[in-house]
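Each residue of the sequence shown is one higher than the one before, starting from 1 at the first, in UniProt numbering.
Treat the hints as calculated values from the structure; they're not laboratory data.
Ideal Cβ positions, reconstructed from N, Cα and C, are used throughout, including at glycine.
Any given hint could be a false lead.
Derived Cβ-Cβ restraints for the label pairs, each shown as a range [unchecked claim]:
id: 1; residue 1: L142; residue 2: G49; range: 16 to 26 Å
id: 2; residue 1: V52; residue 2: I154; range: 13 to 23 Å
id: 3; residue 1: S108; residue 2: Q159; range: 17 to 27 Å
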Amino acid sequence: MPDNLFPEEYENEEEYFEDEENEGTEEENTEEEEGAGYKPSIFFDFDTGDFVTLHDGKLKEASGFEAWVQWCYKTIMTQRYAHEGYSTDIGIDYESALQADSREEAESILQREIEEALMADPSERTLHVGNIMFQWEAEHCLVTVQVQGIDGDIEIQTQFESGVV
């Protein structure tokens, strides 16, 4: 049995996680992003439910800002308490909100849950959460959220369906 679980060619993570469109040196990019509070991560495709790989099989790196955007999406798309792999601080309890007695109550619960979850950013990249809008359909609720980060604003749009975790 080998002494190391990882093949030798992957021991140098800097080499393994190269992005094909890096601009500047990796050292310069890291300093800029870390100075702003952002840390790079691996790029995740929410449509496919998998990490993005480059043509050479390497994982695509998300910039620090992209990683924060992905963290925001993941945070509001994750049903709190449903996955043992996450702490109870991750996600929102949208199942309870969708079972509320009225739309007004559901919107109030969702608004509070979304604001609290996004403002609980452990890296303190989120400055403000606001302008949460709801569009109700027969089987789901479409939610649009404006989020202000330390280096820019984003708009997140997702939908919640009862029974889909």
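Hints, verified against the model:
Under the hint 16 to 26 Å, the C-beta atoms of L142 and G49, about 20 Å apart, fit the expected range. For the pair V52 and I154, the beta carbons lie near 19 Å from each other, so the given range of 13 to 23 Å is met. At roughly 18 Å, the beta-carbon separation of S108 and Q159 lies within the given 17 to 27 Å, and the hint holds.
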